[in-house]
Amino acid sequence: MSNANHSEIIELDVRTDEMLVNMGPQHPSTHGVLRLVLRTDGEVVSEAVPHIGYLHRCAEKIGENLTPRQFVPYTDRMDYLAGMNMNLGWSLAVEKLLNYDLPEKVRHTRVMIAELNRIASHLVGMGTYGLDLGTFSPFLYAFREREKILDLLEWVCGARLTYSYITPGGVTADLPSDWIDKCSQFLDQFEPQIPDYHTLLTTNAIFIKRTTGIGIMSADMAIAYGCSGPVLRGSGVDHDLRRDGEPRYTSMYEGYEFEVIVEKSGSYPKDQVYPTVPDEAVLGDCWHRFYVRMLEVIQAIKLIRQGMDFYRKASGDWGTPIKLATKLPQGEAYLETECPRGQMGFYVVSDGGDSIPRRARARSSCFSNLSVVEELCRGGLIADIPAIVGSLDIVMGEIDR
Amino acid sequence: MIDETFIEKLKQRFGEKISGANLENVDPWIEVSPAGLVEVCRYLKEEPAIAFDYLNSICVVDYCETDPKKAAKAKWQPHLEVVYHVSSIRHKTTGVIKVMLPRWKDDVEGNIPELPSVASIWRTADWHEREAYDLSGVLFVGHHNLRRILCPEDWVGHPLRKDYEMPLEYHGIRGR
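Protein chains in written order, with this note's numbering: chain C, 1 to 401; chain Y, 402 to 577.
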């Protein structure tokens, strides 16, 4: 049943006065501080306005006062569930400005680390999405596996959340000697557990009822609102920067085989081992956005496995991070990478002769993804709002500037 | 995507409204005059061969130096640059559009410069323009809801301006 039908039926049934309801700023689906002001008529939401800006840690202003390498730890704090991917985006943008080439080994290290972090992030997205819809066990299962990934990441850089591992010019240290074996063991143990998640969520009757046909976003709407990542692909737009991005970024994935997860002609390709799309699901609804994330985890596992082989064969060292105060040439560079939540763009402007950029801008995916909430929630029920906001997998730290 | 022939074509079509270009930079850019912005953007989005249907980001760079010693050495006059990063999902290409603005309208300090809104072309510009207005102080004319988005409504000043000074006090909270 679509949103439109809900509201029509209820309008005929009960007619109450309009009411303004504040949702948040501590709603669990937002990992932080988001306030939604809802205009409701009974259970039906006629307007949902997101209010942001409760964090405001001045990340961009700080970027204008620090050298690029000093700014790396601040990028961790943007999307704190995928700190490695944030480091990567910033590092690539700075390297693009400096026209810096990297040794082969760094490339494979970065692919492995970024994809591992993508799995960890999708696990949180998936687990907390279950939590939003009232089921608790998937959250625990997801966090159990995530802890193991965090152990691996802690081993390479010493931190569990704010890594600062990938840095302009390479990575801060080589991988520990038997890290790859441990990582491989983890993947072997993790992969057979994925069907459990599908049993608990994807094919669960209640979950299907709560997510299918809700918050439908057409492909045109997703593009118009600048949505990206699983949100865009959940609407059926075949766009992934790992394949379609700039050469500086896509060359990182050169030689790797992976599939961009998007629905093609009625079903998801190849991954038929995993559940098929339920009949009630409409392309671009909450279920599809969730499912894209689930299948992306499988692709990430594939990528890490390939990365291990490449890394073992690769020559060269782990790169030389640029100096803390490397002079930036005059010019500007913008680069977007495919983070777990979507396209994260970093923009570095330098007017030459100084090591501090004139402007350090972060274009975040969640910012655009959140702007669509207003339209998705219109005509839905109050109970659907956590389902819609949760399916966008928003991290408020990224929206903040 | 943006090369000499592309610029030449645009100049033939729009004439003076294409006020310049830079092809040497890592990301080449087109410079558009404020008056022609909406027209050029609409063309870039709707022309099937270009089809910049996706607006990545709107960003304002403030060229201003508060240190008088450094300001004397600077090679530019103080100004604002509004940068539009666009891309095409269909053709997998990217482009950069720039608009140069004075820091203050009519050189009156506190009078923020105006620029036509492109929210009618790309829906996502709605929030990006609000952010640019809030943090950098550019008035987007024609925007239906130009309110602050990250700072409180009654905040004074635009924090990402280079000469912005943190207030001493805000509602009894110490600022500096």
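Keep in mind that the hints were calculated from the coordinates and are not lab data. Do not rely on the hints blindly, as some may be mistaken.
Calculated cross-link-like contacts (lysine-lysine; reagent style PhoX-like; alpha-carbon spacing at most 20 Å) [stated by the list, open to error]: (1) Y:K499 to C:K327; (2) Y:K493 to C:K61; (3) Y:K493 to C:K264; (4) Y:K412 to Y:K470; (5) Y:K493 to Y:K412; (6) Y:K418 to C:K327; (7) Y:K493 to C:K327.
Each pair of labels, with its calculated beta carbon distance range [as the list claims (entries may be wrong)]: (8) Y:K493 to C:D196: 20 to 26 Å; (9) Y:N423 to C:R378: 40 to 46 Å; (10) C:T276 to Y:P568: 46 to 52 Å; (11) Y:H545 to C:Y54: 20 to 26 Å; (12) Y:E510 to C:E18: 40 to 46 Å; (13) C:A383 to Y:H545: 40 to 46 Å; (14) C:T320 to Y:K493: 47 to 53 Å; (15) Y:E405 to C:D220: 46 to 52 Å; (16) Y:R575 to C:D220: 54 to 60 Å; (17) Y:R443 to C:P247: 51 to 57 Å; (18) C:M221 to Y:E510: 40 to 46 Å; (19) Y:P568 to C:E18: 34 to 40 Å.
Don't be surprised by glycine CBs; every beta carbon is placed ideally from N, CA and C.
**Asked** Checking against the hints above, which ones are violated?
**Response** Those not satisfied are hints 1, 2, 4, 5, 6, 7, 8, 10, 13, 14, 15, 16 and 17.
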